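Protein chains in written order, with this note's numbering: chain G, 1 to 463; chain E, 1001 to 1211.
Careful, some of the hints might be misleading.
[To be verified] One side only, chain E facing chain G, incomplete, derived with CB under 10 angstroms:
#1 1077
#2 1092
#3 1111
#4 1120
#5 1129
#6 1143
[Stated by the list, open to error] Covered by chain E, per the in silico footprint, the following chain G stretches (three or more residues, Cβ under 8 angstroms):
#7 313–321
#8 379–392
FYI, nobody ran anything at the bench for these hints, they're computed from the structure. If you're wondering where the values come from, they're calculated on a predicted model, not measured in any experiment. From the three backbone atoms N, C-alpha and C, an ideal C-beta is built for every residue, glycine too.
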Amino acid sequence: MVVSPKKRLQRCLQVAGPRKEITIASLGCLIGTTLLLLAVQLYQDANHYLEQNEGPKNYFTMNKKVEGGALVNLGKKDESFSPEELQAIQALEGVKRIGGFTRNQFPVTVYIWPTGKVGLGSAAKADLFFESIPDDFLDFIPGDWHWEENATLVPIMVPKFYLDLWNFGLAPSRVEYPSLSTEAATGMPIEIFIGRERTTTLDGRFVAFSKRINSVLVPESFLAWANKKFAEPAKEDFFFLWKDSVIDGPPRSRNQLLEMVEEPAFSSWKISPLGDPAKKVPASSLVGPGKKKAQPSRIILEIVDTPSTALLQFIEENHYELNREFPEQDFIKKSMSGLFLGIAAVGGLLSILSIATFASSFRLLVSKASVHSRNLLLLGYSEKEITSVFFFRFLRLFAWNLSLSILLGIFCKYVIMNEVKEFGIVLNPWLYTNSLLLLALYSFCFLAVNRLVIKNAVRELTA
Amino acid sequence: MLIELKKVAPFPLPSKVIRESEIWDANVSFPAKSASLLSAQSGMGKSTLLHMIYGMRKDFSGKLLIDGQDTRGIPYQNWEDIRRSSISMVFQDLRLFPHLSARENIFLIPTQNGAVPPMEEMADRLGMNAFLDQKVFTLSHGQRQRIAIIRALSKPFQLLLLDEPFSHLDEVNQAEASILIQEITERNDASLILSSLGAVPPLNFDHQYSL
């Protein structure tokens, strides 16, 4: 049998290595590499998923802080922004534009028919609210996003995560509610009942799911029409009536008070707002300029990047609240980064320890074979040839480790993929090119360090 | 290959040994295609000189030149080439691999000398054919010496260094080995330097030195 010179050289230098150390190093390398690979891969998977489902970063909503309990807030003061306040906010550094939320001024109840047909199966019933914002603040304008008087259908836009809540919260807990794809959800008929007595019924439909606006939106034209037609007096339109320094009866609406203008004593009466009974003003002040235009109590801001210091200070000073739309993604991202960094750190540490153990084991191996190595060098073999014999031995071991790590990584990812599938998260079953490139770089470093150690150990033999 | 010693004196050797030597602290040259014998008792520096020529030792004063080049200035990589293709050596301690067979030991050389008879023929001439597949640790010292000689001859060389190669060989084997060495050295147009404890091997030497 003809044996190649390389094989002959390998046979000559075949000495038993420190088995225990090499086993520990291999195990460390296997676990470390797998953890690193998984951390990099899952970080990319998670980022990829979040990017696909993420709302834009530079949209915020702002409102005045709501404080106190429910009873206090029943007679609350006006929380809307005055035109001066809006002007001041618009002028702040970094604020590109602002838009006001208009809300419904009438009670709304909706029946959602998930079966796709009114009257078939069970309807999801809820008291709801509607808001509208200028169309150019929407992340996109759906095709059906228009409404004009006498239109048969009211288009509705809800946040995408409402659908997730339905699918992963409501539907699994109620047998009568099916899970819904986006397409199925947009096909559901919705009955909209307006007024306390549900005197008016309109048909509605979800036309889109927003990733930007955290509200139940309808077109501005519809809300303007509906508010005009169905509006009930707002709380700020109710007043206490003071006759001879005593509150007379229950709070009265502006219209009720205006009907009393003709009474002889009207000019001596006083009124005070519902939220601040002590703030008395003459009842005659109601007469004169008409009702003020309704001001928004919640506004949406588009800012240049992250909120500026001036904006944050302004918010603090004026007791406003700034809400990033879908801020939970930030938290998820931070948690994920922390988690993956942790996994990568453990993997990296194990890898470094395994490199160190491999290095010392192979130094020992070279040293055990030092007599034969020296003799081979004296026969004319080069330092490189002797180094390559030991390095090839290490390479074989590392290749096994790396292959097992990749298989283990793919297996772990497969398990995780099946686990998260239940939450509607679909992951790519394979490793990303970036992960493989990083793995290649990692392998290169791992091999380079060990090759250097072996080379130096062999060089010491020539001294 | 011309070897020149210019006032070379190994550091570890006592000054008395150096003073009485024909080699140490003198100007001596070993011309190309010549055969030289170094004879001396133990401890006079025979192996030291051969190791110095082979680039294994640098602990000496004076200058040692190979083809006019000072050996101190030869980088390690060049020594690799020299050992691979220009100088071959039979070490006193043989430096065989006991866990390999005799055949494997002979084949375990970086480059093969094209101007030598087949390995089996050389082994046959030295009475080693029957032992080629035996592990070296099972062989006697004399048998190992013959394997080391065959291995050294199997490498390409312009200079053959033999450090007491016949110390454990009987006269018959010495004669056979000498004929083979002489034949192959001539075939390679090479020179040889052989060290001996005192006995003169049956080779035609051009120069004989006493250390």
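So, going through the hints one by one against the coordinates:
1. Taking 10 angstroms as the C-beta contact cut-off toward chain G, the hint placing residue 1077(E) at the interface holds, the least distance being around 8 angstroms.
2. Checking residue 1092(E) against chain G by beta carbon gives a least distance of about 13 angstroms; that is not within 10 angstroms, so the hint is violated.
3. The interface hint given for residue 1111(E) is met, as the beta carbon of that residue sits about 7 angstroms from the closest beta carbon of chain G, less than 10 angstroms.
4. Because the closest C-beta pair between residue 1120(E) and chain G is about 15 angstroms apart, greater than 10 angstroms, the hint is violated.
5. Interface hint at residue 1129(E): violated, since its Cβ lies 19 angstroms from the closest Cβ of chain G, which is beyond the 10 angstroms cut-off.
6. Interface restraint check for residue 1143(E): the shortest CB-CB distance to chain G comes to about 18 angstroms, outside 10 angstroms, so the restraint is violated.
7. Beta-carbon proximity to chain E at under 8 angstroms applies to 0 residues in the segment 313–321 of chain G; the threshold of 3 is not reached and the given coverage is violated.
8. Counting residues of the segment 379–392 of chain G whose C-beta sits closer than 8 angstroms to any C-beta of chain E gives 6, which meets the bar of three, so the coverage hint holds.
The structure does not agree with the numbered hints 2, 4, 5, 6 and 7 stated previously, though it agrees with the rest.
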